[in-house]
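There are 2 protein chains.
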Amino acid sequence: MVVELISVGTEILLGNIVNTNAAYLSRECALLGLSLYHQSSIGDNEERLYEAIERALKRSDIVILSGGLGPTKDDLTKETAAKVMGLSLVEDPHSKEQIAEYFKQIHAKVVTENNWKQSMIPEGAIVIDNDNGTAPGLILEKDGKSLILLPGPPRELIPMFQKDIAPYLSQLEPDMIVSETVKVCGIGESQAETMISDLIDEQSNPTIAPYAKLGEVHFRITAKAKDEVIARKLILPMVEELKNRFKEKVYTTLEEETLEESIYHLLKDKGLKLTTAESCSGGLLAGRIVNVPGVSEVFQQGFITYSNAAKRNLIGVKKSTLEEFGAVSPQTAKEMAKGCALTMGSEVGLSTTGIAGPGGGTDEKPVGLVYIGCYYKGKTIAKEFHFQGNRSKVRDSAVVQALILLRECILEDAK
Amino acid sequence: MVVELISVGTEILLGNIVNTNAAYLSRECALLGLSLYHQSSIGDNEERLYEAIERALKRSDIVILSGGLGPTKDDLTKETAAKVMGLSLVEDPHSKEQIAEYFKQIHAKVVTENNWKQSMIPEGAIVIDNDNGTAPGLILEKDGKSLILLPGPPRELIPMFQKDIAPYLSQLEPDMIVSETVKVCGIGESQAETMISDLIDEQSNPTIAPYAKLGEVHFRITAKAKDEVIARKLILPMVEELKNRFKEKVYTTLEEETLEESIYHLLKDKGLKLTTAESCSGGLLAGRIVNVPGVSEVFQQGFITYSNAAKRNLIGVKKSTLEEFGAVSPQTAKEMAKGCALTMGSEVGLSTTGIAGPGGGTDEKPVGLVYIGCYYKGKTIAKEFHFQGNRSKVRDSAVVQALILLRECILEDAK
Chain A
112 MVVELISVGT EILLGNIVNT NAAYLSRECA LLGLSLYHQS SIGDNEERLY EAIERALKRS
172 DIVILSGGLG PTKDDLTKET AAKVMGLSLV EDPHSKEQIA EYFKQIHAKV VTENNWKQSM
232 IPEGAIVIDN DNGTAPGLIL EKDGKSLILL PGPPRELIPM FQKDIAPYLS QLEPDMIVSE
292 TVKVCGIGES QAETMISDLI DEQSNPTIAP YAKLGEVHFR ITAKAKDEVI ARKLILPMVE
352 ELKNRFKEKV YTTLEEETLE ESIYHLLKDK GLKLTTAESC SGGLLAGRIV NVPGVSEVFQ
412 QGFITYSNAA KRNLIGVKKS TLEEFGAVSP QTAKEMAKGC ALTMGSEVGL STTGIAGPGG
472 GTDEKPVGLV YIGCYYKGKT IAKEFHFQGN RSKVRDSAVV QALILLRECI LEDAK
Chain B
112 MVVELISVGT EILLGNIVNT NAAYLSRECA LLGLSLYHQS SIGDNEERLY EAIERALKRS
172 DIVILSGGLG PTKDDLTKET AAKVMGLSLV EDPHSKEQIA EYFKQIHAKV VTENNWKQSM
232 IPEGAIVIDN DNGTAPGLIL EKDGKSLILL PGPPRELIPM FQKDIAPYLS QLEPDMIVSE
292 TVKVCGIGES QAETMISDLI DEQSNPTIAP YAKLGEVHFR ITAKAKDEVI ARKLILPMVE
352 ELKNRFKEKV YTTLEEETLE ESIYHLLKDK GLKLTTAESC SGGLLAGRIV NVPGVSEVFQ
412 QGFITYSNAA KRNLIGVKKS TLEEFGAVSP QTAKEMAKGC ALTMGSEVGL STTGIAGPGG
472 GTDEKPVGLV YIGCYYKGKT IAKEFHFQGN RSKVRDSAVV QALILLRECI LEDAK
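Chains A and B supply the protein sequences, listed in that same order. Start counting the first sequence at 112; every next residue gets the next number (the numbering used here). Start counting the second sequence at 112; every next residue gets the next number (the numbering used here).
Isolated chain A, as found in the complex:
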């Protein structure tokens, strides 16, 4: 089956947003075994959108449109798609109810009239509930072709695709695509790829594709077969081979598990409690740990100690340490990690201190210099990093490297 993407929105044509939806949808379609030869972006213009949909339906079996489903006047995707398909719009009581429910749940005081436009659907369309917004998704089927309409915001599009669209597409494509993921941390992309270049050269079925994430590399191993059992048999030896090569750098083989979740499990299994003390990351480290539901079993509090005074008053960093070595030093990182753990009676303490930029750098301590401290079982270590990129990239890098250092400390001790 051939699938094609059309992204709708003048903000894309003006370059005001980067079209991450196209990359996401393309990757997911490839995993479902669908072929994709065309992506296009069109503004909020009925005539050009009509032409684009018409052309796409001629050359592809499935056309996925994203964006232009909202309540405002320039949202034209549904109306135009219905026109191309020759369908009229009718009110969908279920969608109307869902929209009313949405506004009730957020206790909206005013629901403007234009919102009800979102409950009008092309006759016969399959309606897909939107759990994260008001515009429902729609599937229109005619003459063996499918037109799929999705809301533009990624936080609405991605969950909807995962929950309802992927299962719909997978029953259209008879071959089964199965994939598993091996996630490694604490190793660079090029080094990781070099370590398996022989496997990449040989690949046919299963295929192996590396995806770099900040501080992590995910290898997705994908097999195509008539049924799931055969596909899984093709995948298994490759998963074992990767585990063998990357050893304890592999933090999970579960598609859904994140690095912070794997660390939550590690802490929980060992009955450990963690406290954080953040300077340059300013809350983002704790924020990432709290991504994990139920994390309060292992994480109950953290400190943001952005100033020297806060480092001293809240977690007992010594005045002499700050004066002699400075706030950005291995000594301060260590005292922060140990201090926050002892203050709260936690077994583990984790700290960040560094120069996130753009200002504040010197020859001796340049922008990007970050120290991460980890206190565990009476020992405290600090590690030095030199991160590249802007303020946001330096801070995100500090967060992921702190998680990796924490993981290493606990695993190292267990040996």
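These are calculated hints, taken from the structure and not from any lab test. It is possible that some hints are incorrect.
If chains are identical, the list can't say which one is meant, so a pair holds when it fits in one copy or spans any two.
List of simulated lysine-lysine pairs, DSS-like, C-alpha gap at most 25 angstroms [stated by the list, open to error]:
#  : residue 1 : residue 2
1  : Lys-429   : Lys-169
2  : Lys-344   : Lys-184
3  : Lys-494   : Lys-215
4  : Lys-335   : Lys-184
5  : Lys-324   : Lys-274
6  : Lys-384   : Lys-215
7  : Lys-207   : Lys-494
8  : Lys-207   : Lys-381
9  : Lys-228   : Lys-253
10 : Lys-324   : Lys-504
11 : Lys-354   : Lys-429
12 : Lys-429   : Lys-488
13 : Lys-358   : Lys-169
14 : Lys-337   : Lys-169
15 : Lys-430   : Lys-384
16 : Lys-526   : Lys-358
17 : Lys-526   : Lys-476
18 : Lys-184   : Lys-324
19 : Lys-337   : Lys-504
20 : Lys-184   : Lys-358
If you're wondering where the values come from, they're calculated on a predicted model, not measured in any experiment.
Please arrange chain B on chain A, whose structure you already have, making use of the hints.
Relative to the frame of chain A, chain B by itself:
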């Protein structure tokens, strides 16, 4: 003049890379006053690329292709573009010299034969030197149309565009495009648009376009004119009109200023210091505030009090309050806000407590229920929110609404 973009490369269709070139080129073309109605992405396939170029040349004056200029077999852009234009390839001695020079400078030991393919150019083409790679850019002109070929890697494409392509395009397009942004917070997209629907209906020059962000709406006002002074004169009355309608909901008219930056300026101007105490947002609120460089003047520390014990021990929330009303209650939100400020001697305290999900909800206190507390000048208030969406969306919503509440408290007091 109408310009159109074609991005070439199978890696885009597989979703292995996000197409940031399209966003960059679109934004630059808009600033040059060019109209852009189509973006498309095509794989490394001669037939489909030929069709795409042919169609683009029919409907647009200028077609910019990026990618597929490299030395390997699947790089087909130049060959295919020449074919569509009816031009044959000839060797360009200047390009050959440039490629040899490039390899000399990077101290390359081996120069593979396929590299010389990059010195073949369509006859009559304008050659654009590539300062950051080996494949030169090319401009092909015929029958009043221009076909511009750029290398795919952004670190080659962007400098080449800035140095040579932007000046070339600007002499083709005499008009100038100028835009300004009015950013409002604390109002929904549909309500915001309803408040200016008359302006949207009337628009021609300047145009006005709303963009929704979590908790915010940005209005971009764009004018086209012979010179910048005239364009700015067209924009100014519209900016004033929006400020007039949205009043104190407007937090900035600076394109680059974020909500957290505007709050940083507000606190700094009034000589106020802020402390945060976070439960459900778990550090993300402080993390967002610390996005602002130099923020330590107004923000020096924060608390993550995820457990009840942390709420009591660190910031003095009363045991009786937690027992009687629960951790997720207006009473607890207020004591957190006041407690964190008093503990640290700050003038302002800001707190979040809620049920981010997916578990932990009850009929009385469902997932998405969040209380935000703000302490300022001896007064403490708490506001109740019911957010929709997954754990991540609830937490991000809590962060932005906390910033908005803080802003409202300070502005309200100033009245």
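Next on the checklist: I want to check one pair: Lys-228 and Lys-253. Are their C-alpha atoms no more than 25 angstroms apart within a copy, between two copies, both, or neither?
Outcome noted: For Lys-228 and Lys-253, only the intra-copy Cα distance (24 angstroms) is at most 25 angstroms; the inter-copy one is 47 angstroms.
Item to check | Within, between, both or neither, where Lys-207 and Lys-494 count as close if Cα-Cα is 25 angstroms or less | outcome: neither (56 angstroms within a copy, 28 angstroms between copies)
Next on the checklist: If the cut is 25 angstroms between Cα atoms, do Lys-526 and Lys-476 qualify within a copy, between copies, both or neither?
Outcome noted: For Lys-526 and Lys-476, the Cα distance exceeds 25 angstroms both inside one copy (35 angstroms) and across copies (45 angstroms).
Checklist entry - How do Lys-494 and Lys-215 come out at 25 angstroms by Cα distance, when the copy is not named: within, between, both, or neither? => result Cα proximity of Lys-494 and Lys-215: across copies only (17 angstroms, versus 50 angstroms in one copy).
Checklist entry - With identical chains treated as interchangeable, where does the CA-CA distance between Lys-384 and Lys-215 reach 25 angstroms or less: within a copy, between copies, both, or neither? => result neither (39 angstroms within a copy, 36 angstroms between copies)
Item to check | Identical-chain pair category, Lys-324 with Lys-504, by Cα at 25 angstroms | outcome: Intra 12 angstroms, inter 21 angstroms, cutoff 25 angstroms: intra and inter.
Checklist entry - Can you tell me if Lys-337 and Lys-169 fall within 25 angstroms by alpha carbon in one copy, between copies, both or neither? => result Answer is neither: 27 angstroms inside a copy and 42 angstroms across each miss the 25 angstroms cutoff.
Next on the checklist: I want to check one pair: Lys-184 and Lys-324. Are their C-alpha atoms no more than 25 angstroms apart within a copy, between two copies, both, or neither?
Outcome noted: between (38 angstroms within a copy, 18 angstroms between copies)
Next on the checklist: My question is about Lys-184 and Lys-358: at a cut-off of 25 angstroms on alpha-carbon distance, are they close within one copy, between copies, both, or neither?
Outcome noted: Only across copies: Lys-184 and Lys-358 sit 24 angstroms apart there, 55 angstroms inside one copy, limit 25 angstroms.
Next on the checklist: At most 25 angstroms between alpha carbons: which applies to Lys-324 and Lys-274, within, between, both or neither?
Outcome noted: both (24 angstroms within a copy, 24 angstroms between copies)
Checklist entry - At most 25 angstroms between C-alpha atoms: does Lys-354 with Lys-429 qualify within a copy, between copies, both, or neither? => result Neither, since 43 angstroms and 50 angstroms both go past 25 angstroms.
Checklist entry - Is it within, between, both, or neither for Lys-526 and Lys-358, if the alpha carbons may be no more than 25 angstroms apart? => result Close inside one copy (13 angstroms), not across copies (63 angstroms); limit 25 angstroms.
Checked against the numbered hints above, the structure violates hints 1, 2, 6, 7, 8, 11, 13, 14, 17, 19; every other hint is satisfied.
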